[in-house]
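Use these hints to put chain Z onto chain U, whose structure you have.
Note that the protein sequences, when read in sequence, are chains U and Z. For what it's worth, our numbering labels the leading residue of the first sequence as 1, then goes sequentially. For what it's worth, our numbering labels the leading residue of the second sequence as 1001, then goes sequentially.
Do not rely on the hints blindly, as some may be mistaken.
Computed from the model, here is a short list of chain U residues facing chain Z with C-beta under 8 angstroms [as the list claims (entries may be wrong)]:
1) ARG39
2) VAL218
3) ALA250
4) VAL255
5) ALA257
6) SER309
7) LYS356
8) LEU360
9) GLY368
10) THR378
Bear in mind the hints are in silico, worked out from the structure with no lab data behind them. The beta carbon of each residue, even a glycine, is placed where N, CA and C say it ideally should be.
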Amino acid sequence: MRLSRRRFSLSLGLLTGCIGGALALGSACDIDPKRAPDRQQLLRDVVANVVLPAYAETADATDALSQALTALRSAPTTETLAGAQRSYRAARRLQKSTEAMFYGPADDLTVTGGAIDAWPAERAKLDAQIAGTAGVGVAEVAKRAANQRGFPGIEHLLFDSAVSDAEVLARFQAPVAGARRAELAESLAVDLARRCRAVSDAFAGPGGYGAQVAEAGVGAGALATQAEGVDKLLTGLVYVSERMVMKKLAAPLGVEANNVVQPDREEGPRSDSSLEDLHSDLLGMQAVYTGQRGTRSGEGIEKALRAQSPDVAMRFEQALATAFTALAAVPPPLRSALTKSRPQVEAAYQAIRTVKSTLLVDVANALGSQIGFGFSDTD
Amino acid sequence: MARGARLADALSRPVDAASLAAFRMLLGGVLLLAVVRSLEKDVVAQAFEAPTFFFPYYGIGPLPSPGRLAYGLYGLSAALAGCLMLGCYTRASAGALCLVFSYLHFVDVTNYLNHYYLVTLLTGLLAVVPIGDVACLTGQRRHPFVPQWVLLLFRFQLGVVYFFGGVAKLEHDWLFDAQPLATWLAASTELPILGDLFRTRWAPYLMSYLGAAFDLTIPFALSLRRVRPYAYVAVLTFHLLTARLFQIGIFPYLMMASSLLFFSPNWPRRLFRRTTPSRTAAVARIRPYQLCALALYAAVQLLVPLRHWLYPGNLLWHEQGYRFAWNVMLIEKTGSAEFTVVDKQTGARSVAFPRTVLTRAQTKIMATQPDLILAFAHELARRARLSGRDVAVYADVIVALNGRAPMRLVDPTVDLAKEREGFANKRWILPGP
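Here chain U stands alone, though its shape is the one from the complex (with noise of 0.2 angstroms):
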């Protein structure tokens, strides 16, 4: 027997009805918004409080970085070093704290360049730079490679952790090479403060990357599905750990080498910033994953992951306390820890491994998040 059209639209029309009315009853009785709350107004917030702020926060620090470079090559003196040595460590501990945001503009090599923060410095090149007679112009600066610019660059011109401030002003104040020199910082500090500025812009604004992870699932932007921006912010706090573990402690502790220590291979070792720029990592990680920065505050990832699995929110922030204290206790700088309080470093190496794992295994599991290779489809 043929089904004719008009009972199968009937039947069908009955099907449907009937499943969605006892869904719609049945969801109406039942509905936990705890259990699964709204990840969109976690994403406008971690967006609004955390992100943006701390890219336009880093962007003007680079500005006063740049005016202070300005200062000093103008007048190299004790009270200008040292107000660029300042301004350089703010600007510093702003940017790292970007770290655990590290998507978008920011991994964007034609916003960056990737001339931000690109080390270790080829410190070989930028002191040739100053004894040579080419321009050291903010044009010029920005035609040289990434290692020779950014942060880094900066760094080995105003640092040197193995004399006194007085003979690093003294370099400042060499004729002729002190005036390369203090052009040179001046440039770098410049080239810096424009690429930091292009992330924010780009990432601010209704049509910004902020807004298209804010706004995940609902706009017409990238991301088409709020799961997505959360795998975005997850994303970043996994760059981060995996960078800290890997690149900031495994390879100065020389674990990938037989244990032997390389010195040369610390982010900050001019500046001895090395174990700030890893708590700096830690707050950007803390920020995110709370909601809270500063006197914003709002939804992090902390409410989805509490009430998909409180157990792993807890594993989580017990690692990611566990790695402050554990950082805390390394005696300063790191280039002497390494050597002589190698047990202290070691544990604030295995405890930010910890926070690393934890952000991999558990918690991208109990949000059921793809960690950063979405290009990729799944079945």
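This is chain Z only, laid out in the frame that chain U set:
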């Protein structure tokens, strides 16, 4: 008449080749779109250019890396898919597409997806079985009919995908914990109406059970004329929903297109009000060797998905016999792996981070699949040998499966450099949940 002869008669009965032509065109179209989408998503750079190491399939060995040549191969795939769609040298196009597509996706185990395997099978079948020449750009249009076994073969293949996909769901996590759907649906609450539904405690269970029931019954429902229209509505609903919810690429479209093969062989002619040609054109009677080949193919397709029963423990944990078995959407598995390389002569120990060798995607997949962990350990040992060192390799691998607390996947005291790959049970995989 002997039973064998009656079977041969039934299998050789001529049927309209129109539905196979429609299937060929839709498959070509879906694959063409898949290639465009892959290029748009920069898959070539991330899956073929960036890796410095490709995980080989056991028994096949490492295939040559395509590198930037992959762009050309993707372009070739698009052209071949277009030829298939238009019916331009159909069998040659299907065969070439099968080879190129298979090479690209089997060059690295981490590229494996069930639906890529299905594409390999479908294009391979199109290359070797007679599918007529209806709506073909080339050919003389003298074959409007095909023997019935051809159509049945494709239906069987699709039925295997669905049915074993359903059988695989009859396991603890899916039925009793509604995992991994509970995790995945909680991440999709932005959807209108459904989003609220996903906030309920029972929705993941409902969808788990409906999903398993769908997979287990749909090939049979599509085979019954009376319920076929309802079944196809279910096919559309199911696949459109999964396409929206999960990042599963062309799979839903592939299945929606392929399932049309269950309809009457002349459905395209009825749809476009074309007359069915008279059945005067003869089709070749199935030959004994073809019958044997069909039986062998069917046996392989029925037995390979069941081979995991030869291994003790939880399949989702050890993944021995997991691939090529239609285990679709079963696991949310995350892991972290680090390796320690010990110089046997000096005793020097070094940590090896997979990320320094592998891409992020390779690292993520490798960290949860024991055979890939073994392959990577072997690669580390090989690299050490190149520098004249004889090393032992130990793996520290922590894995979480379907929302459970993480556990160690691999025995960290076993020197993986000494372990051989093979089909035998891998005793160094620790017991799972």
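Please name the hints from earlier in the document that this structure breaks, with their numbers sorted from lowest to highest. As far as the earlier hints go, not one is violated by this structure.
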